[in-house]
Amino acid sequence: MTAPLATAVSADPLHPVTSEQAEAIHVRDLHKCFGELEVLKGVSLTARDGDVVALIGGSGSGKSTFLRCINFLENPTSGVIRINGEDVRMISDGHGGQYPADRRQIERIRSRLGMVFQNFNLWQHMTLIQNVIEVPIHVLGVKRDEAIAIGEQLLERVGLSEKRDVYPAYLSGGQQQRGAIARALAIQPRVMLFDEPTSALDPELVGEVLKVIADLAKEGRTMLLVTHEMKFAREVASHVMYLHNGVVEEEGRPETVFGSPKSERLKQFIRSVS
Amino acid sequence: MTETAVQTFRIAPKQNGDTEARRLAPHRIVLALIGLGLVAASIFFLRWDWLPNYYGLIAQGLWRTIWILAVTCVLGFLLAVPLGLAQAAGPAIVAVPARAFCTIIRGTPLLLQLWLLYYGLGSLFPQYPWIRESELWPYLRQAWPYAVLALTLSYAGYEGEVMRGAFAGVPKGQLEAARAFGMRRFTILRRIWLPQAIHRALPTLAGEAVLQLKATPLVATITVIDLYAVASRVRQDMFITYEPLLLLAAFYLVITGVIVFLFRRLERLIPSKLG
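Heads up: the protein sequence lines correspond to chains A and B, in order.
For reference, each letter of the first sequence is one residue, going 1 to 274 in our numbering.
For reference, each letter of the second sequence is one residue, going 1 to 275 in our numbering.
For the record, the hints were derived by calculation from the structure and aren't laboratory data.
For each residue, glycine too, the CB sits at the ideal point set by N, CA and C.
Treat the hints with care, since some could be wrong.
Restraint ranges, calculated between C-beta atoms of paired labels, are given here [unchecked claim]: (1) B:R106 <-> A:E235: 56 to 64 angstroms; (2) A:Y170 <-> B:V254: 52 to 60 angstroms; (3) B:W137 <-> A:Y170: 56 to 64 angstroms; (4) A:K218 <-> B:E267: 41 to 49 angstroms.
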């Protein structure tokens, strides 16, 4: 990977550097405890613009928790998180944990990270298009007509134009997840975060969702992807991290990690899932 | 995810012709005729000659019952939202008082609350000159503010409990998605949490509104002339008991029908599949 040619400075504080290779997410030595249980034991990651990082590992390895720490759905116990070049300020809670010092900062950062959940979590009381325009209008302050125009384009991209005015409950899992991806894209995210996006889907619906994600990877979107789909991770990822018991056991380019795994655990893991 | 497969089968016949036939089934026709006969009998054989003299009073009573119902339901619900939210998600400092309030209101008879407010507060206030001299005094010396207050608090107490359940019942993922996109807490409440909670609570709220309607006659015990009080007045004036009560029953039935109809319309605004 070449060194970032970070010279141009943008007026937008969220995008201080407009180089192709700017650092989108930087995490150093992240720890997360749930009570006595230490789920993450010092995980580091740097994702530059255009990177597709796949997080793999068995259940309980901490990969989902790691993803949720990045947009502070979980407060990391310790560690440094820098997003869009902005250090997140944390305050100690006096019980060995910490919480964000500035909620507005967290909200600002979150509004640039497009999260896609395992269980879709489309808002049930809104139609698909209402789901897609909700955050642009009520968080980012986009004008309604503009948000609808963008939203319709996005629904077309994920193949749901004709489901525009349908409530999520009347959609299949695959359609809901594609809708959720459109909702995440609507905020024009710096990074997309996928938390096991196909784990709750019926097997025959997995393909349609993976195809949408693969297209996003192809167009150079920055993505963090927690997944159990090894074949898919190998195809779309530029970087693979294998987590085991809260530590990065092995990482690197997908062909290296999957082709010639070094650690015994990873070898075992790849055998068990393929 | 494990889901038990359930065999479904149609209970009611679906074709239009069938429903038509069911509507005109012999036993229904007989029942309808008996009903009509009863109405006709009560019109012809009971005494209704007093009715014209009381048109004005009935209209007043009806109006009073309806506005007391509407005002107390709306105000009570507005109180119920924070009461429910405090219990579902608030820190102990607000959750405990909210729970205590709901428990007390739900654990004591409404008649008692009404009398405590009217005879208790109502007899306490005149002892303080500054209250008697205040702008509010013309209202505080009347009965209806106490009626409205008691019914509002009662509705708030019951609905606070309903809203607690409704708030807690909204799936965590719905709120988490809102947080993950950087929504502020108040925006989450306004755009996601409250709408979904209200939708969950609507069927219960409809039932509670009907119960509230049937609680309104209690205000007659503190001298507020509502629909029920008119019936008592007729009995006292004319020594007729049965007819005014029948009329009263008919009125309450119709109002209940209107409430149910309005809530159905409200429920239909949002599709029923949630969560």
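Hints, verified against the model:
Take R106 (chain B) and E235 (chain A): their Cβ atoms lie about 60 angstroms apart, and the range 56 to 64 angstroms holds. Here the CB-CB span from Y170 (chain A) to V254 (chain B) is close to 36 angstroms, at odds with the stated 52 to 60 angstroms. Distance hint check for W137 (chain B) and Y170 (chain A): the Cβ-Cβ separation is about 58 angstroms, which falls inside the suggested range of 56 to 64 angstroms. Judged by the Cβ atoms, the range 41 to 49 angstroms given for K218 (chain A) and E267 (chain B) holds: they are separated by roughly 45 angstroms.
The structure is inconsistent with hint 2 alone, although it conforms to all the rest.
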